[in-house]
Amino acid sequence: MTPLLQVRDIAKFYGGRVGCTNVSFDLYPGEVLGIVGESGSGKSTLLNCLAGHLAPDQGEVLFDTRADGQRDTVTMSEPERRMLGRTDWAFVHQHARDGLRMGVSAGGNVGERLMAVGARNYGDIRTQALDWLERVEIAGDRIDDRPSAFSGGMQQRLQIARNLVTGPRLVFMDEPTGGLDVSVQARLLDLLRGLVRDMGLSAIIVTHDLAVVRLLADRLMVMKSGHVVEQGLTDQVLDDPQHGYTQLLVSSVLQV
Amino acid sequence: MSDYNFAYLDEQTKRMIRRAILKGLAVPGYQVPFASREMPMPYGWGTGGVQVSAAVLCPEDTMKVIDQGADDTTNAVSIRKFFEKTAEVATTEATDEADVIQTRHRIPEQDLREDQILVYQVPIPEPLRFLEPSEVETRKMHALEEYGLMHVKLYEDIARNGAIATSYAYPVKVEGRYVMDPSPIPKFDNPKLEMAAVQLFGAGREQRIYALPPYTQVVSLDFEDHPFDPSKADHPCGLCGSEDSYLDEVIMDDSGSRMFVCSDTDYCQSRRAAGHVGHQGVPFEEVSA
Amino acid sequence: MIEIRNLEKSFILHNQGAAVIPVMAGAHLDVAAGECVALTGASGAGKSTLMRMIYGNYLANGGSIKVGDVDVARAEPREILTLRREVLGYVSQFLRVVPRVPTLTVVAEPLLALGTPVDEAEARAKDLLAQLNIPERLWSLSPTTFSGGEQQRVNIARGFAHRYPALLLDEPTASLDAKNREVVLSLIEDAKAGGAAIIGIFHDEAARDRVCDRVVDVTGFTPVRAA
Numbered sequence: 001m002t003p004l005l006q007v008r009d010i011a012k013f014y015g016g017r018v019g020c021t022n023v024s025f026d027l028y029p030g031e032v033l034g035i036v037g038e039s040g041s042g043k044s045t046l047l048n049c050l051a052g053h054l055a056p057d058q059g060e061v062l063f064d065t066r067a068d069g070q071r072d073t074v075t076m077s078e079p080e081r082r083m084l085g086r087t088d089w090a091f092v093h094q095h096a097r098d099g100l101r102m103g104v105s106a107g108g109n110v111g112e113r114l115m116a117v118g119a120r121n122y123g124d125i126r127t128q129a130l131d132w133l134e135r136v137e138i139a140g141d142r143i144d145d146r147p148s149a150f151s152g153g154m155q156q157r158l159q160i161a162r163n164l165v166t167g168p169r170l171v172f173m174d175e176p177t178g179g180l181d182v183s184v185q186a187r188l189l190d191l192l193r194g195l196v197r198d199m200g201l202s203a204i205i206v207t208h209d210l211a212v213v214r215l216l217a218d219r220l221m222v223m224k225s226g227h228v229v230e231q232g233l234t235d236q237v238l239d240d241p242q243h244g245y246t247q248l249l250v251s252s253v254l255q256v
Numbered sequence: 001m002s003d004y005n006f007a008y009l010d011e012q013t014k015r016m017i018r019r020a021i022l023k024g025l026a027v028p029g030y031q032v033p034f035a036s037r038e039m040p041m042p043y044g045w046g047t048g049g050v051q052v053s054a055a056v057l058c059p060e061d062t063m064k065v066i067d068q069g070a071d072d073t074t075n076a077v078s079i080r081k082f083f084e085k086t087a088e089v090a091t092t093e094a095t096d097e098a099d100v101i102q103t104r105h106r107i108p109e110q111d112l113r114e115d116q117i118l119v120y121q122v123p124i125p126e127p128l129r130f131l132e133p134s135e136v137e138t139r140k141m142h143a144l145e146e147y148g149l150m151h152v153k154l155y156e157d158i159a160r161n162g163a164i165a166t167s168y169a170y171p172v173k174v175e176g177r178y179v180m181d182p183s184p185i186p187k188f189d190n191p192k193l194e195m196a197a198v199q200l201f202g203a204g205r206e207q208r209i210y211a212l213p214p215y216t217q218v219v220s221l222d223f224e225d226h227p228f229d230p231s232k233a234d235h236p237c238g239l240c241g242s243e244d245s246y247l248d249e250v251i252m253d254d255s256g257s258r259m260f261v262c263s264d265t266d267y268c269q270s271r272r273a274a275g276h277v278g279h280q281g282v283p284f285e286e287v288s289a
Numbered sequence: 001m002i003e004i005r006n007l008e009k010s011f012i013l014h015n016q017g018a019a020v021i022p023v024m025a026g027a028h029l030d031v032a033a034g035e036c037v038a039l040t041g042a043s044g045a046g047k048s049t050l051m052r053m054i055y056g057n058y059l060a061n062g063g064s065i066k067v068g069d070v071d072v073a074r075a076e077p078r079e080i081l082t083l084r085r086e087v088l089g090y091v092s093q094f095l096r097v098v099p100r101v102p103t104l105t106v107v108a109e110p111l112l113a114l115g116t117p118v119d120e121a122e123a124r125a126k127d128l129l130a131q132l133n134i135p136e137r138l139w140s141l142s143p144t145t146f147s148g149g150e151q152q153r154v155n156i157a158r159g160f161a162h163r164y165p166a167l168l169l170d171e172p173t174a175s176l177d178a179k180n181r182e183v184v185l186s187l188i189e190d191a192k193a194g195g196a197a198i199i200g201i202f203h204d205e206a207a208r209d210r211v212c213d214r215v216v217d218v219t220g221f222t223p224v225r226a227a
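Residue numbers (UniProt numbering), protein chains in the order written: chain A, 1 to 256; chain B, 1 to 289; chain C, 1 to 227.
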């Protein structure tokens, strides 16, 4: 099986400071990779390098495209990369308002990616938008409301619907459950798990919440000061951490 | 001899503007940045159109200026006077006789010819602006032909109003490439954008010039199940009886009686001169007598 | 089916003066298909550690753990995930699930992950839940709110949903009443008859004697600790 994403020796520097360095991994179809680490550990920098929002200073990000097989997304042209960004890739921001158009109705938000790839039938677009609102548990009669009238959890679910409507194969998530209260988090986690399984999605999830990765991620990467200090099966890394930093991280979690 | 350089602007500035116009004609629908000058009138009064007109006028040209189709409104009168004074060109109200027509918010009813130039005054040239505030991003969207957002605007219209409610400044796609704001003309005029004359668009405050060469393909954006509809008020003109011209609604008295009249005053007048009389009009000879 | 050679394990506590705690050395174990082996030894002797190492939950420091043709001690995470999905089941003492997910889905999930059609997976789940005496009115609720015994039974149903060729059981009959204990034991016997290789920890000696073919004392795998 070909990996969906092959990351080779990615590095990003901010002047003399290390954003992230020496990062390599493979992600296979259907796999969910968690990236954990404290604030400033380079996990968001890495995610942005992978998703094409930041240009890495070094390394390759090989994506198995539908049309041409493996392509390095770092060196591909910007139009191609942006096209990937609205077809095969999706990016779920921590703050829903960064990923939504707050002045556009829920239906318009979901429909935008469809229209961006050429959908020109209002009725079809609306039917698909309704279907997706239902899948993320937003009542159909809210389709013409603006996201500013939604709760935080609903906004986040709308953002997910907006991203997944074009059937992407790889989803990048930056702290998708951050800032939500726990009951809303659980609902979102359940939703994400179901979508990942049903759509066969691969996902890369950046978070500092170890409970979230235990439930969502198959594999885990632990970052500290821009370096990957440990990676492996999620439950193995959490239950039998090998690196001192991971041990500290795991033992620092408050038990409920 | 006027104390002004011909048509107010200095020669270098006019050359700069002509270069922008040529680039605009070469890339139809593309917004060409230009170094817009301060003009002796406020922004919003047609500074962009005036600069474009100044750059294309020749001393032997005859000029016509209309505002919402009318030759006799303040904006039209003052711009016409401006060119009478600074360029000493002949002016006219007859569409037929004009070489250069500067317009705000209308396309004349009468078909234009290949030897005519229509200059539009444009307030906001960027059709994507209301949905995407970043200029860097909208330019990138034009460059990469990412126009999904334009349909989001129309989608929102239908979701909210049951139909595409955008009735002016209705977005168009030029030669299958650039999405363009046709300036705030009524959507009724959109089909006329495919014409024989050269069309130039000037936005003074926003410092952009764009253009449509003659016979350029201009398609109004729409959905398959909500096709573009260049509708207008369903009345004949009260003065000349025209069934197919764009109409202004005029309130006649305090009790709310209304009258619909052609917004294109020259068109209306020509029809009346030719003997057409609307149901609220009087024969032309009686007025001019 | 399961073949363990020279297995070694120690914990290094980096944040406590890099203390090294050896917990296992020279472990050997073979379990054939259709065979059930019980691990015994005093508390802390390393029974659970061994089970977790076989499951890939703990990392081995040396030796090999072959389950089918996969050496868990050296396999890529991806290979272990496939192994867990298709070959190797694990019934732990604790239920760990996403809150809010209905019990029926929790139990059907291992089958859904294998691509089994939803109706088929749910039919199997319903059958197991009924066998284990979980009242039908609870099936649509999340097991997180259930009693300890009920959670344990949901866990067992989930572990037996797919007929794994190899199965690890950690105290499967603890906290169960006689009736349910009997159900679990017959599930184990069925699995054995179906050719599954089973390793278990049973404190319940009667249960151990009934289902297990052999007993292995892990005390023999415990390294001599520096006094």
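Hints are supplied without guarantee of correctness; some may be wrong.
Output of the computed footprint for chain A on chain C, the stretches with three or more beta carbons under 8 Å from beta carbons of chain A [claimed, not checked]:
| hint | segment |
| --- | --- |
| 1 | 53-66 |
| 2 | 72-82 |
| 3 | 92-103 |
Everything labelled a hint here was simulated from the structure, so no lab data went into it. We put the CB at the ideal spot given by N, CA and C, even for glycine.
Status of the hints after comparison with the structure:
1. Under the rule that three or more residues need a Cβ within less than 8 Å of chain A, the assignment of the segment 53-66 of chain C holds, with 4 such residues.
2. Residue count for the segment 72-82 of chain C with a Cβ under 8 Å from a Cβ of chain A: 4. That meets the three needed, and the coverage hint holds.
3. Check on the segment 92-103 of chain C: 5 of its residues sit with their Cβ under 8 Å from a Cβ of chain A, so the three-residue criterion for coverage holds.
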